[in-house]
Amino acid sequence: MSNQASQSFWRAAGKRLWRDNLAKFCIFVLLVYFTVALLAKVGLVASEWNKGVGVSWANPSFMADTPNPFGKNSQMKADDEPMDAASLALDPLASYTGKIDEAAKAYPAVVENRAWSLPIGGDKWGRDVLDKVIKGGEVSITVGVMAALLAVTIGTVLGAISGYFGRTIGDILEWFYNIFTAMPYFLLVLAIAGAMGTKGISTVIIVLGLTGWTSVYRLVRAEYIKQRSREYVQAADAIGASQSRMMFIHILPNVSHLVLVQLSQLVIDFIKAEVVLSFLGFGVPLDSISWGVIINEVMVELVLGKWWQLAAVAVVMSTFVVCFGLFTDVLRDAFDPKANRR
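In this text, residue positions in the sequence shown follow the numbering used here: the first is 1, and each later residue adds one.
Where hints are given, some of them may not hold.
To be verified - Quick list of in silico lysine-lysine cross-link-like pairs, DSBU-like style, CA-CA up to 35 Å:
no.: 1; residue 1: Lys272; residue 2: Lys24
no.: 2; residue 1: Lys272; residue 2: Lys41
no.: 3; residue 1: Lys15; residue 2: Lys226
no.: 4; residue 1: Lys226; residue 2: Lys199
no.: 5; residue 1: Lys226; residue 2: Lys24
no.: 6; residue 1: Lys51; residue 2: Lys41
no.: 7; residue 1: Lys272; residue 2: Lys226
no.: 8; residue 1: Lys15; residue 2: Lys41
no.: 9; residue 1: Lys41; residue 2: Lys124
no.: 10; residue 1: Lys24; residue 2: Lys124
no.: 11; residue 1: Lys51; residue 2: Lys226
no.: 12; residue 1: Lys272; residue 2: Lys51
no.: 13; residue 1: Lys199; residue 2: Lys124
no.: 14; residue 1: Lys124; residue 2: Lys226
no.: 15; residue 1: Lys15; residue 2: Lys272
no.: 16; residue 1: Lys272; residue 2: Lys199
no.: 17; residue 1: Lys41; residue 2: Lys199
Treat the hints as calculated values from the structure; they're not laboratory data.
With the hints as constraints, model all of the structure from the sequences given.
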């Protein structure tokens with residue numbers, strides 16, 4: 001495929017994508033998610049997600065009048081009388097300890113007012129569920145995107161080398177690929193996560209990236225095998241282009257649409273994988289927050305009838321995953337050459 005033909009292909013794919021109303025809707029929703037995640041990343045949104053601002057399990061605003069027997073408010077009434085230390089004394093020096101009470105009056109107690117209701121409720125420690133879901137989304141989306149970029153990079157490089165060179169190099173990489181695909185995916189992820197020991201966002205990204213490259217490798221390898229015999233590759237070879245230049249300058253742009261679609265799919269897969277790993281305790285540590293950590297927290301809350309935290313994270317996460325999945329399907333159709341004849 002010549003450079004002019006490649007530009008024409010991308011232009012036609014872009015037009016098909018823009019004519020699709022579903023694609024426009026999905027792009028709008030995803031832009032909202034990524035914008036909020038970016039604002040949370042720089043601290044403009046949900047920066048105090050870990051601060052208790054309400055009572056324990058504060059009701060959502062639309063349930064503000066519902067009794068909350070589990071709510072524990074740290075608020076001290078302003079008209080409460082200071083505690084009489086002498087009345088609690090159990091020794092003969094009770095008359096002396098009365099001086100302590102007089103001294104304590106000079107240091108008024110700190111009054112902390114906590115809300116009995118929050119926009120979509122609170123958790124056990126009085127943290128705002130809305131802030132938690134936003135911050136958790138920022139972490140989960142970051143993990144999904146960064147892990148997908150790592151996996152696509154590994155899969156593209158290995159697939160290009162295997163498909164272009166073939167023979168011994170291709171056989172070695174195929175053997176390496178077969179080892180990874182022979183083991184159950186989540187068992188492999190858990191094994192690598194356990195072997196790394198340390199928990200953290202970077203660990204989750206590395207684990208998912210190192211285990212999720214196989215699908216990209218398979219597609220890129222097959223496409224490179226097909227492309228290496230094309231006329232434009234032979235012409236580049238005839239004018240003395242280096243092998244690395246032919247692999248990544250001439251051939252790669254002609255397979256990049258497959259890589260882009262696979263990248264979009266991996267973002268969804270890795271976000272769901274992060275949720276499962278964090279739920280099982282192998283993902284994002286509990287002192288941080290992500291959608292998986294939130295789901296891990298709500299197990300006890302459901303027994304107490306506190307459903308709003310699970311509902312919030314389920315709705316937000318499902319909306320993102322569904323929109324990203326639909327966008328991936330639309331993107332795949334836009335890059336399908338057969339779409340020109342529809």
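*Could you grab the alpha-carbon distance between Lys272 and Lys226 and see if it respects the 35 Å cut-off?*
At roughly 33 Å apart (the allowed maximum being 35 Å), Lys226 and Lys272 satisfy the hint.
*Is the straight-line distance between the alpha-carbon of Lys24 and that of Lys124 35 Å or less?*
violated (39 Å)
_Check whether the Cα positions of Lys15 and Lys226 lie no farther apart than 35 Å._
Between Lys15 and Lys226 the Cα gap is close to 27 Å, so the pair holds against 35 Å.
*Between Lys15 and Lys41, is the straight-line Cα distance small enough, at 35 Å or below?*
holds (33 Å)
*Under the criterion that the straight-line Cα-Cα distance not exceed 35 Å, is the pair Lys272, Lys199 satisfied?*
holds (18 Å)
*Compare the distance between the alpha carbons of Lys272 and Lys24 with 35 Å, and conclude whether the hinted pair is satisfied.*
holds (24 Å)
*Regarding the pair Lys51 and Lys226, is the alpha-carbon distance no greater than 35 Å?*
Given pair Lys51, Lys226 is violated - Cα atoms ~56 Å apart, limit 35 Å.
*For the pair supplied as a hint, Lys124 and Lys226, is the alpha-carbon distance within the 35 Å limit?*
violated (58 Å)
_Pair hint outcome, Lys15 versus Lys272 [Cα-Cα no greater than 35 Å]_ = Distance of about 31 Å is within 35 Å: holds.
*asked:* Given the hinted pair Lys51 and Lys41, is their Cα-Cα distance within 35 Å?
replied: Given that 35 Å is the threshold and the Cα spacing comes to 17 Å, the pair holds.
_Distance restraint between Lys272 and Lys41, which requires alpha-carbon spacing of 35 Å or less_ = At roughly 20 Å apart (the allowed maximum being 35 Å), Lys41 and Lys272 satisfy the hint.
*Holds or violated: Lys226 with Lys199, Cα cutoff 35 Å?*
Roughly 42 Å between the alpha carbons, so the hint for Lys226 and Lys199 is violated.
Violated hints, in rising order: 4, 10, 11 and 14; the structure is consistent with all others.
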